[in-house]
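Enquirer: Residues per chain, in single letters:
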Amino acid sequence: MPSFEHESPALTNVLPTCLADTLRPTLAARVLKVLARHGVAATIARRTTCCGQPAYNAGYESEARRVARPTVRALAKSQGQIVVPSGSCTAMMSRHWPALFAGTADETRARDVAARVIELSQALAAGSAPPAAGDRDKPVAYHGSCHLERELGERDAPRAALRAAGHEVREPTEGYLCCGFGGTFAVKLPAVSVAMADEKLDSLSATGATTVVGCDLSCLMHLEARARTRRLPLQFRHLAEQLTVRGDE
Amino acid sequence: MTPALPAPVHYSVPRRGIDGFCDAWHAIGGTSERITSLDERADPTPTADLVHATAAIAQTGSIVIDSSRNARAASLLPDRCAFVIDASTIVDTPGDVLRERARWWPGAMPSQIVFVTGPSRSADIEMTLTVGVHGPGRVHAIIIG
Amino acid sequence: MNDVAVRFVTRADRELRNDRVRAAVRHTTSLLAANRSTALDGLADPDAVRDSAHAIRRRAIDTLPQLLDRWAARATANGIIVHRARTAADAVRVVLDLADAQATAGHSPVRIAKGKSMASEEIDLNDALEAAGHEVVETDLGEFIIQLAREKPSHLIVPAIHKSRFDVAELFTTDAGRPIEPDVDAEAAYARARLREAFLRADIGITGVNFAIAETGSVCLVENEGNGRMCTSLPRVHVAIMGMERIVDTWAELDVMLALLARSATGQALSVYTNIISGPRRDDELDGPDEVHVIVLDNGREAIVGTEFDDALLCIRCGACLNVCPVYRNIGGHAYGTVYSGPIGAVLMPLLRPDDPASRELSEASTLCGACTEVCPVRIPLHDLLLRERHRDAPGDASRLRRVTFRLWSVAWAHPLSYRISIHVVRAILRLSSRVPKLARRAPGWAGAWTRDRVVPRVRR
Ligand code: SF4
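Chains A, B and C are the protein sequences, given in the same order.
Under the UniProt record's numbering, the very last position in the first sequence is 249; numbers go up by exactly one each time.
Under the UniProt record's numbering, the very last position in the second sequence is 145; numbers go up by exactly one each time.
Under the UniProt record's numbering, the very last position in the third sequence is 461; numbers go up by exactly one each time.
Same shape as in the complex, but just chain A:
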């Protein structure tokens, strides 16, 4: 395990999320870097797994509970804010955990954690940010993920963070439309999922920006997988990646 995972309950905790653990092992470290620039001292939460969302959204509550339990217990030991670099995981924890754990031994813990989770861009909105190094002034297309925009109602913070870093933020037409991922939806109804991704990729391409930034790796993973199949000249970056780009990559 990397050495920056140390116990310090007073710090802001960062939950890496299972998708970042799998696909972007350095994302959590980048989140720490971005937070540090905003004057927030943070640490990566230890002994966590996943928030349980994949099973919960597919209809399997007890499986979701089983997976989320270690995460609830680990985070309950911390104090202060819990920063999550994903809109949908944040929504899962803040909106659904209290119900998921209601009537179990972990109910109080789940409520406590639910009250303290905050999505990354929201955590940034609180502080003031010096512009990032890297490719400032470059236009980026922003993909507002469904759960961030509608479950959490967060539309301004990520855009503001990108602008503060010097980017021109471009919006795809009908930006509210989902990218088609939807967890198991992507494999239960693959053709529909791909059709949705294609429509989203077309509107992202039409912005003229070649970098697409979002706050949910799941959408970005899905769009990137389809974009590469279509050989579209787009690259996809999580907000934490975009804000920690070194030079022009």
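Simulated from the structure, these hints should not be mistaken for laboratory data.
One or more of the hints may lead you astray.
To be verified - The calculated label-pair distances, taken between Cβ atoms and stated as ranges, are: (1) L417(C) - T108(A): 17 to 27 Å; (2) I81(C) - A73(B): 19 to 29 Å; (3) A103(C) - D79(B): 31 to 41 Å; (4) A103(C) - T128(B): 34 to 44 Å.
Said to hold, decoys possible - According to the in silico footprint, chain C covers these stretches of chain B (three or more CB under 8 Å from chain C): (5) 90-101; (6) 105-111; (7) 129-140.
Unchecked claim - What the simulated footprint calls covered on chain A by chain C, stretch by stretch (three residues with Cβ under 8 Å from a Cβ of chain C suffice, anywhere in the stretch; the number is not a length): (8) 19-28; (9) 46-52; (10) 65-73; (11) 138-150; (12) 178-192; (13) 213-226.
The beta carbon of each residue, even a glycine, is placed where N, CA and C say it ideally should be.
Start from chain A and add chains B and C with the ligand according to the hints.
Expert: Just chains B and C with the ligand now, kept in the frame of chain A:
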């Protein structure tokens, strides 16, 4: 148990009075004229049946008609239709009619009340607007007073 | 069209391959969604009006039996004949009996002019009437097109959303026995002339109901074409079919509902004709039907009242949720295989037909993106209801393989250490399989479902 009345509906751009009604009515494809008395009408459109309105609504450009004062068919079967509106019955909002039912229909309810808001229309084919599908495609408001 | 034996995914794939339909549905729904958003801006405080509408509808559902009784008592006093139908078959029986009475009175075959009514679609009324030898003509332009094509409506508000003017010209040409140009005005003119005859000869007019109003025992019906007014005015008998939940208490409440209905549906401030019907023709009136019947349809609704799902009954069938749904806009209404489609269909069908697997599986027709919930004028938490339905149904429904997969996954991720290990395993599999894309594309099950049209997700530092 009578539940509390829901709060009145307010509009971003309130339309009021005769001018407000005409604005809204024209915007949805109606025509209008203002005269002081029906006798004064030089050229009463011969093919248009005259339908007497109970009220009219400025906000939405609606004309309220009912079956106790007019044959239902008069405002329905012809290609065009003229409504006679007494200027004093023009109110601001649909709520001014719906929430003041007793003012407009103090006795028994007519069997049918219709809020007519423009010419008959359809956009069922390719979202292309076409008027006069079943009801009158041309509607004219004669405002008296 | 209603091939329930075929799974939703198969129907969706089939509809998806129809590029022309997909383009038409996307185009129309985008326009309607934009119209809605502009129209709501016409209200000074749309959110407050929506809160108010939610409260009105919520109270109606919470007091449904009393409200219906109050309405029925007033309606009866006004001379309306009220029929309560527990099942679709009951409702069909009422209409068939009314038609038989006309036949006995010497009007045979019985001619029926129909306005747009989703409740009548729900009970498959046309099939039953035709089987009994009666003549039924749909008179809403879109519904008329659908009837000629022998299809089902594919949108709540725009039933023929999937038909182009060329399709319509073909259908009308066959119906007319002479060429009808693929021009919308020419097509509308043909429908006007053709259906005018039907109105004038009809013995019975059948319509839906947008709202029953308890205060005066009235029913309110909104429409744009005038065919609804024809059906409720010209035939001797008017039969209105309403879902039992479509009721408000007062005219003041109706004011709030009307402020939202047309705005959410088409972007109009009010529909062209808002009809409020309070009885048959009175003695001092010049025209109107001699009989007005209202059929109050249960058909699975009452069982929903009082459950965690009963917000679904607040629906006023505006169609706004369909217009913003990314799933609906790609597959259209027919893919659902049920009378109601889009988000509200996906919510409602598993509730109305809890014993039908083909209806139940519709809760999966969503990414839970929440676009529907955001626009619903009466604030139905549509995507939350879909999620709750999955919680209700998935553990018993899903294939054994699916259940076992989730069980194994949850066991693996139930401990931080085994979680870490499995993450490394998954990463290794992803890295490996991305090197052999051709092989990956042929992977079985969910893996192959991903890779058929998408590369393997890339692991990146
Ligand atoms: S669920 Fe809401 S948005 Fe959808 S049709 Fe019903 S009222 Fe309209």
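Enquirer: Compare the structure with each hint and give your call.
Expert: Status of the hints after comparison with the structure:
no., hint, verdict
1, L417(C) - T108(A): 17 to 27 Å, "holds (26 Å)"
2, I81(C) - A73(B): 19 to 29 Å, "holds (23 Å)"
3, A103(C) - D79(B): 31 to 41 Å, "holds (34 Å)"
4, A103(C) - T128(B): 34 to 44 Å, "holds (40 Å)"
5, 90-101, "holds (count 5)"
6, 105-111, "holds (count 4)"
7, 129-140, "holds (count 6)"
8, 19-28, "holds (count 6)"
9, 46-52, "holds (count 5)"
10, 65-73, "holds (count 4)"
11, 138-150, "holds (count 3)"
12, 178-192, "holds (count 14)"
13, 213-226, "holds (count 5)"
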